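One-letter residues, chain by chain:
Protein chains: 2
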Amino acid sequence: MRTSLCDELGIEHPVFGFTPSEHVAAAISRAGGLGVLGCVRFNDAEDLDRALTWMDENTDGKPYGVDIVMPAKVPTEGTQIDLAGLIPQSHKDFVQQTLLKLGVPPLPDGEGGEGVLGWLHSVARSHVDVALEHPIRLIANALGSPPTDVIERVHAAGVPVAALAGKAEHARRHVANGVDIVVAQGYEAGGHTGEVATMVLVPEIVDAVDVPVLAAGGIGSGRQAAAAMALGASGVWMGSYWLTTAEYELGNSSTQEALLAAGSSDTVRTRIYTGKPARLLKTRWTEAWASAEAPEPLPMPLQNLLVSEAHLRIARSDDPSVVSMPVGQVVGRMNEVRPVAEVMTDLLAEFDQTVKRLTDLNR
Amino acid sequence: MRTSLCDELGIEHPVFGFTPSEHVAAAISRAGGLGVLGCVRFNDAEDLDRALTWMDENTDGKPYGVDIVMPAKVPTEGTQIDLAGLIPQSHKDFVQQTLLKLGVPPLPDGEGGEGVLGWLHSVARSHVDVALEHPIRLIANALGSPPTDVIERVHAAGVPVAALAGKAEHARRHVANGVDIVVAQGYEAGGHTGEVATMVLVPEIVDAVDVPVLAAGGIGSGRQAAAAMALGASGVWMGSYWLTTAEYELGNSSTQEALLAAGSSDTVRTRIYTGKPARLLKTRWTEAWASAEAPEPLPMPLQNLLVSEAHLRIARSDDPSVVSMPVGQVVGRMNEVRPVAEVMTDLLAEFDQTVKRLTDLNR
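Sequences listed follow chains A and B, in order. Using this note's numbering, you'd call the opening residue of the first sequence number 4 and step up by one each time. Using this note's numbering, you'd call the opening residue of the second sequence number 4 and step up by one each time.
Read the hints as simulated data drawn from the structure, not as lab findings. These figures come from a predicted structure and were not determined experimentally. Every residue, glycine too, gets a C-beta built ideally from N, C-alpha and C. Misleading hints may appear alongside valid ones.
Stated by the list, open to error - Chain B is faced by these chain A residues, among others (derived, beta-carbon under 8 Å):
#, residue
1, 175
2, 189
3, 199
4, 234
5, 357
Stated by the list, open to error - Away from chain A, derived, C-beta distances all over 12 Å, residues of chain B:
#, residue
6, 44
7, 100
8, 191
9, 214
10, 274
11, 353
Stated by the list, open to error - As a list, the in silico EDC-like pairs of lysine to aspartate or glutamate whose alpha-carbon atoms are at most 20 Å apart:
#, chain 1, residue 1, chain 2, residue 2
12, B, 359, A, 172
13, A, 359, B, 112
14, A, 279, A, 172
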């Protein structure tokens, strides 16, 4: 399973692994793929710097990348206190009442924190600044093409830019803006995602642009990787599947328990996580937001600020039935905890078997 | 592109073509696939008999099948007049007002008709009776496994039964009921469809049952067929893609115009066609039903009776912007009218190229 991207990026296999965990990202890179560290959880650029320094020391010199969350248009900006003033009281009340109903305890005194600020443009820019001080081989943007000046800076450092797209017209726009690799992310993917499924979206984007396309959404096995490559992709982009790897340390046991138990029908695409449609695990938390009395989610970045304390409380509550977690429909295949290297070895072996099986169909 | 199903059914290629047109179905069979005629539009069993007799004379002795719409549980049954009494006046008013707003003229005096009765259990049973008097090689059921007695009768005639499934648990139940072939139909498919996308659903169902699985949803090219086979399918089931073939004669020019112009984002999954979730072309008609003042769609078979006159009026209105038409996301690839044989030849050639390309990736 080799494409021209392997030579361009210095990787063995065109398997791109997005993860918020530097431990998982490093393991993906060590296994011959490209680990891509999600930066949105780093409010403080120094924390990101420490994580990347750790990766520099733990990737055996293998390439890795980072993923930022930066809209092309600068959205509402400001400190958390400025923004909090834009959140209606009725929304805050709904969140508090829902947590009470779901039995999610308050945080211990003194805990709390500032929420996730990575959705802010200024913070995402600080992630780029820090990342470029490390030997990164890719910057990907979860919200399409970054602003042109950011693309130019990244290119000046000799680093290619990847951007997620859920429609062919978005992919065309990204490439016109200077993006080097398009990640065609289908409906079934976890996190921010569009309405067109991977099977339809990937060939449409491959035909629409003249840069390498990675397929994302629904990929967790060698058969699925082979399907993605059959559709014309130059590589696969996997996010959800690493959430149940042994190296993943960011979650707590209730999150992992919920993911291992979930089937492919147990996800929902909703705006409640960030204000933009994103696929989450279906739990009592997402069901509460789907009820008749729930308010409409707020636009990005307000929605994430609204629910950020709730996310902390939910994470501490240790109750699998209320987890708030982005994950794709491939969660149905995530039924045991395995090391990253084993996931990669199995995927590549099944890919080989699949290609042989397809060849035999034509005999 | 050969699998064991080819030998079992006497076909050249494992390409199953569902279509309401006997002209298209016959052309698919002549081209080496298995044409599967949708029966739901035949209110009168004699009309179906005539269509199948025509197919017997126009398929060069090649195998073909039929598709019925029969829930395993018998739903509300009765004559159209009995059932019409169960439809709330407010629903009828909404339909009339919407057609007025959309500028859809009434039917000429004397026209009207009885609506589509194929959704009724008794009518679907009459379709089975008629079909078994012809040399059919497959009966497929769009709504899962038919009742056990129907399966037994069909088996006694030496004909295998296929059933559509949108979840692995449905597929397991179908096979336990005696179904021989499962059609794993993903979210992106046209008509009745579930929420799990083809990329995730197909391998899940392949792993869940020990009968051949056909992949449906999002397939209209050789790359997509190769992806489906990579996922473990024993063949592909295509429905939407034939709607813009030259042999298709059931639609009117406005329907075809709307399909040719639509992109992959121009569909919507909604209950307004039959009462069960089905993917339709997104038009001013579907948008009206998505508005705040629209009522909830009625359960099957009432919803289809409610809108059946509207469908006739819409079809006669010759306005592409109000078409009511089931179609999958693959509509984005349906951009020109082509003969069935050409579609088949191109699909097979692209399949071959794709398998060669995949083989090269492993060198």
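Comparing the hints with the structure gives:
no.	hint	verdict
1	175	violated, 13 Å
2	189	holds, 7 Å
3	199	holds, 5 Å
4	234	holds, 5 Å
5	357	holds, 5 Å
6	44	holds, 27 Å
7	100	holds, 25 Å
8	191	violated, 4 Å
9	214	holds, 18 Å
10	274	holds, 17 Å
11	353	violated, 10 Å
12	B:359 with A:172	violated, 29 Å
13	A:359 with B:112	violated, 63 Å
14	A:279 with A:172	holds, 18 Å
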